[in-house]
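Q: Protein sequences, first through last, are from chains A and B.
Using our numbering, read the first sequence as starting at 21 and increasing by one per residue.
Using our numbering, read the second sequence as starting at 15 and increasing by one per residue.
Hints were generated in silico from the structure; no laboratory data involved.
Be a bit skeptical, because a hint or two may be false.
Below, computed lysine-lysine pairings styled on DSSO-like, alpha-carbon distance capped at 30 angstroms [as the list claims (entries may be wrong)]: (1) A:K311 / B:K367; (2) B:K379 / B:K864; (3) A:K453 / B:K582; (4) A:K453 / B:K846; (5) B:K410 / B:K376; (6) A:K225 / B:K367; (7) A:K256 / A:K278; (8) B:K379 / A:K225; (9) A:K451 / B:K864; (10) A:K225 / B:K986; (11) B:K995 / A:K449; (12) B:K846 / A:K153; (13) B:K864 / A:K449; (14) B:K999 / A:K278; (15) A:K225 / B:K505; (16) B:K986 / B:K582; (17) A:K90 / A:K76; (18) A:K278 / A:K311; (19) B:K986 / A:K278; (20) B:K376 / A:K338; (21) A:K153 / B:K864; (22) B:K637 / A:K345; (23) B:K986 / A:K345; (24) A:K278 / B:K995; (25) B:K575 / B:K612; (26) B:K999 / A:K225; (27) B:K365 / B:K245; (28) A:K457 / B:K846; (29) A:K338 / B:K986; (30) A:K451 / B:K627.
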Amino acid sequence: MKNTILTFSLLVFSFSLCFAQQPIPAKPETKSILLMNGTVHIGNGQVIQNGVIGIKNGKLVLVGDATTIKLEAGAYDTTINCFGKQIYPGFIAPDCSLGLVETESVRAQTDVEDVGLLNPELRSLIAFNTDSKITPVARINGVLTGQIAPRGGLISGTSSVMSFEGWNWEDAQYKADDGVHLNWPEVLHRIRINEDELGGYTENKNYNRQVQVLTKFFADAQAYCQDTKHDETNVKFEAMRGIFNGSETLFIHADFVKEILAAITTIKGFTIPKIVLVGGRDSWMITDFLKKNNIAVIVRRLHSQPGTPEGDVDETYKLPAELQKAGILFCLGTAGDMEQNATRNLPFLAGTAAAYGLSPEEAVESITLNAAKVLGIDAQTGSLEPGKDATLIISSGDALDMRTNNIIWACIKGKAIQLTSVQTALYNKYKDKYGLK
Amino acid sequence: MKKILSTLSLSLSLAISAVAQQTMPINGTHDVRHSYYAFTHAHIYQDYATSLDDATLLVKDGNVVDIGTSVALPKGTVVYDCKGKTIYPSFIDLYTSYGMPVIPADKRPHKGPGPQMNTITPGAFDANQAVRPQDDAEEIFHASYAEAAQYRNLGFGLALTSDHDGIAQGSFALVTLADTNDQEAILEGKAAAGYSLNKGSSTQDYPSSLMGAISVLRQAYYDATWYKGAKHKTEYNLSLEAFNELQPLPQIFAVDGKLSALRADKIAREFNVNYIIKSNGDEYELLDAVKSTGREFIVPVNFPDKPNVQDPYDAVMVNLTTLMHWQMAPLNPGAMEKAGIAFALTADGLKDKNAFWTNIRKAVKYGLTPQGALKALTYTPAQMMHMQDKVGSLKKGMMANFIVTSGDMFKQGTVIYSNWIKGCPNQVNDTTNVDLRGNYTLTINSNQTYTLEVKGDVANPTATVLDAPKHGLAAYIHVNNPMVTISFRSKFDSAYAIRLNGLLSSDNKTISGTGLDGTQALTWQAVFASPMGPDTTHEPVLTIPTLAQVRYPFQAYGRTKAEEDSIKKVSKEFVIRNATVWTGEGDSALLNTDVYVKDGKITAIGKNLTASKDATVIDGTGKYLTAGIIDEHSHIAIQGGVNEDGEANSSNVRIGDVINSEDISIYRSLSGGVTGAQLLHGSANPIGGQSGIVKLRWGVLPEEMKISYSSQFIKFALGENVKQSNWGDLQTVRYPQTRMGVEQFYYDRFIHAKEYEAAMKSYSALKDKSMDAPRRDLQMDALVEILNGQRFITCHSYVQSEINMLMHVADSMHFQFNTFTHGLEAYKVADKLAARHIGVSTFADWWAYKMEVMEAIPYNAAITTKMGIVTAINSDDDEMQRRLNQEAAKTVKYGGLTEQQAWRTVTLNPAKLLHLDAHTGSIKVGKDADIVLWSGNPLSVYSMALKTFVDGVCEFDRQEDAAMRLEIAQEKADIINQVLKDPSKNMAGAPTGRRRR
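Bound-form chain A, shown alone:
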């Protein structure tokens, strides 16, 4: 077996020649790979300045300090010298809709929200489009895994965690049907003065009725799920079984503090083992409550405006630091306006969180291991620890800073993936046209 040593100039060169619009899923990797001398961000808050990573059969078999680990010559088929490079676990985007929506304004390309208020039976899994032109764009910035969630209604549907690599959704599934998404009714509606101006807040007059609809649904579903056989099957209730037996997580979307308090208290009453709060704009006000109830948070897109005019200018940016300080498990979300594009900016949300109070490694953790924990996939992925999937990225600089983020190599389950997209193809096409370098 020939031992190849690759440098990045070679690797990068080979990719720039690739004009393919859509990356082709990689073939199974038969060779073992050793990543040498890179700065390894484990994802659990630790960093190894001069690290080595060994990959075999899609798994991490070795993660350690190059200065202390002894390697047998020829133990790996390929060695990649990562000197001066930054190595991270692949970033994980919770609560996104890649693969469900291709072009937001085109109905035919939107499969994210169905008719009705209570739709736990909708499964994102089977609609996930592995031929999407958007996911490759997210991969180029280091986002390799995502929780794909339906939207809308009071109960939107059931999400699945998908790998951003695969020939079809069966290939791409990482954790099928990981949880159900509940949108807690708004206590207050934001007043829109017109299309462009937001005003203050007004009472949601239907709040109590909406809560009643929800609580009745949960009560009926809970009762139904106590039995496995029914003369008449209710697919909505069947879709709730995992929530009650703890095999799935209930993701409660709420932002205003009163909504969070009401939602968690009410839903806890149905003895649901796993609850995660999504959004959580005001979660910093009630950290004791969240801690007491053991609630993790998927923090709403940090790059958003404070909820009130007098909100601190950095109110949204410093939220992760507040949760970190309070010892609450959290990860960063990208949902919101134009979220198809937003997912690729996930690492920069972590960068912002670091600028406003998280330590650099805590920031990495907030889009890697923390996300894996929140989604219940931390046994397999989320950090660079032996035994876990070899899903990682190598950046020539700090990947959380848009100034230096430059992913030059990445693998998912040990398979090196193509870092190309329709965008890089167009770039190359027109660079060529104009003879630009």
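Chain B: place on chain A using the hints.
A: Quick look at chain B alone, frame taken from chain A:
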């Protein structure tokens, strides 16, 4: 029986006309009364400034015959002894819709499916449905007893009325509030003309925005002038006829806030008219600017209900502006008086008209003088109507409109007994009522003894009965002289209430009579024992704020005048020492460099610069100094709509008319190092509106935000938005609906503009102006400016074909095209753009939200830069605007620009695209000190702006910001504490923010 009752109710009217000459047939016998009426021994206000003690007012046939302290009463005078009473001229409300028909919501003409491009008003009226000067309130006025009584009970005698519908609203009628027929009620059929910036019931799409409404009104003025001057009218236009006819009348302009008051003033200056501005009661927030308009005002006392802040979490959502306005609104009338602004008061805007006097008295408590209040209710409105010699005072020969009251109207507890209009009385409260307030010994059946306490208002007293152990028992009392009704329960658990009816003795000291305790008859009497003690009901004392607390803007993070002054002082001259300076001019950073600023300009760049002793020194060690960020494509700080989408061409509308200097986004953008922006019209039409190019000066007037040396710009747009692809299935009516139509629309409008200009030029060249002038068209004016290189286009654009097309349109029309904004496929035609020196202002990485952006690539900016095109990165988004430094950094990542090139995409390049680069956009001696001190490399996600200077004034400072957060939290807590002390029952239903204006 029925018949008798209805006859009775007719003759019950007290207001029997003194005027015999009327057209109404008399059913029955004539009952005309030419009596003299004398009101003697009263305290009489002849006018707002003068009052007479122990005086007499003599009235006959609806007019004042005499007034004074020694008035001789002619034989046959009906005398009213008004000892202890006060008489005022009755009040005049200039902003009512009294007697106007209410169009029920479901009877309004509905918007049909799809857009309504043209007016649906039948007749030869204006092209815009909201321009309706032909409407006359006198034609739809119908006197209403109940509505009039509501106003009379407050002391009003006259009202100016209209349905206030539309932008040009037609004439208002001045009517009396007497209980009379319509013919007599109307004093002046066409007393004033009304305007607003609200299109009212118009169902036409245009105008859909505030700036559109301003344009509609401006065009109406130009059209009216043109119409008036035309000898050979090309059309017959009843609206324009009416518009011209109404010009000599008082012109009333209603606005919904202080910024629109300034807008109305601007229109008044353009057309040399004088508006009386009906405001929304927030003038105190911009008092100097309001005063400098020199206009008169009609001011409401619609002080806001207290916000709902009981729940601490709800209170978070009640913004500081709402809280401050709740606390300060009662200052407004007093502040206007002190500032010397002429104003009348109106009851308009009160949800409950009965709150009028509560609020007037509150305003007096907050600094309005009683004399000022009386003037604003009497003399000033009369003067505004040019009727001060007829109404508003009580002088010989003037109309006998007055109220008889129990005393000083501006004191708590004073009541109006009667309201006389044209010499006819209307009873408000029972004049025969006696003051029963005091403590009584109440004896029932000579064996039960209680104490009866009567307190409260003279007219509406309240009672408490105390039993022997002095337990207070709530009691009911009703006085209808000479009869008195009292009921109470002798014990809390009594089976029956004791109900008493009695008669008042002639000395008013004893009430006696019979009653029932269940079915048991009883006798009773109450004997006056002692006068009412001091009012022990404990009214919490609310802190009265002062005008010095007003923040500019009236918003969180606004500064008081004192704070503003101190910032200006330290900003006058300063030096930032030892920073890493990215001038934006060269290709490398200047290390350990000083930058000197004086009077808002950069005066020196170098090492170890000598500083004068007055200069503030700011340590820049370890920090980066750059020019401020300029956003070529911003929609912040725009009020009343970013799009005027009613028509495909809206070149007449101007963002500059609707700048909202109070938008918190200004402050937030400053916190991200942004110092300038082009405030753009939206992309709803091929030809959009004119831009507002501003610096982010915080706490100044909208006009003061504008950059004086900037060129004029206009927004164009292409693609899906202008052809309404994503507007829903109904929006398929407006031309153009295809990219083909867009091209032809441009050609047509530009060709037409050329013809328009030629016509205008040849007319102005004429010596003999006997020929009719061409009609001035605001839309064409803007297009002519483009053709002449006086106005520049920034065009929202996506795909290459349409970019290419518009370049050809510009070529063939021979004007220099300026900027493709977004220009997401500019990279596909970069060579063509470069050849024409056209700039690009694009997103760093947006795509995938609609079809036309599916080939948008983040490498766009790098390609166009490398092709020699002046390229900027813009935000088009409030949130992104404050992180434009990070967006610029993405051009390093995508396409490999150098850091200096990247930085120029948000500073010097947008300055070039906006033609501001001679003055700002880089750090260069002589340029404006629009500079930012950063904590680190400004392109890094980890860096933040520490200080942002605009014209040398430190508009954002991270340390000051930290202090202000504490200050704001404290201020909110203090005001909330006041809200919780406020005993008033009215409370807003849910936490609400005040409408941003």
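Q: Take the hints in turn and mark each one as holding or not.
A: Against the structure, the hints:
| no. | hint | result |
| --- | --- | --- |
| 1 | A:K311 / B:K367 | violated, 51 angstroms |
| 2 | B:K379 / B:K864 | violated, 58 angstroms |
| 3 | A:K453 / B:K582 | violated, 53 angstroms |
| 4 | A:K453 / B:K846 | holds, 13 angstroms |
| 5 | B:K410 / B:K376 | violated, 33 angstroms |
| 6 | A:K225 / B:K367 | holds, 27 angstroms |
| 7 | A:K256 / A:K278 | holds, 28 angstroms |
| 8 | B:K379 / A:K225 | violated, 37 angstroms |
| 9 | A:K451 / B:K864 | holds, 25 angstroms |
| 10 | A:K225 / B:K986 | holds, 27 angstroms |
| 11 | B:K995 / A:K449 | violated, 70 angstroms |
| 12 | B:K846 / A:K153 | holds, 28 angstroms |
| 13 | B:K864 / A:K449 | holds, 22 angstroms |
| 14 | B:K999 / A:K278 | holds, 25 angstroms |
| 15 | A:K225 / B:K505 | violated, 42 angstroms |
| 16 | B:K986 / B:K582 | holds, 26 angstroms |
| 17 | A:K90 / A:K76 | holds, 17 angstroms |
| 18 | A:K278 / A:K311 | holds, 16 angstroms |
| 19 | B:K986 / A:K278 | holds, 20 angstroms |
| 20 | B:K376 / A:K338 | violated, 43 angstroms |
| 21 | A:K153 / B:K864 | holds, 13 angstroms |
| 22 | B:K637 / A:K345 | holds, 28 angstroms |
| 23 | B:K986 / A:K345 | holds, 26 angstroms |
| 24 | A:K278 / B:K995 | holds, 25 angstroms |
| 25 | B:K575 / B:K612 | holds, 22 angstroms |
| 26 | B:K999 / A:K225 | holds, 22 angstroms |
| 27 | B:K365 / B:K245 | violated, 49 angstroms |
| 28 | A:K457 / B:K846 | holds, 19 angstroms |
| 29 | A:K338 / B:K986 | holds, 22 angstroms |
| 30 | A:K451 / B:K627 | violated, 55 angstroms |
Going through the hint list in order, the structure does not satisfy hints 1, 2, 3, 5, 8, 11, 15, 20, 27 and 30.
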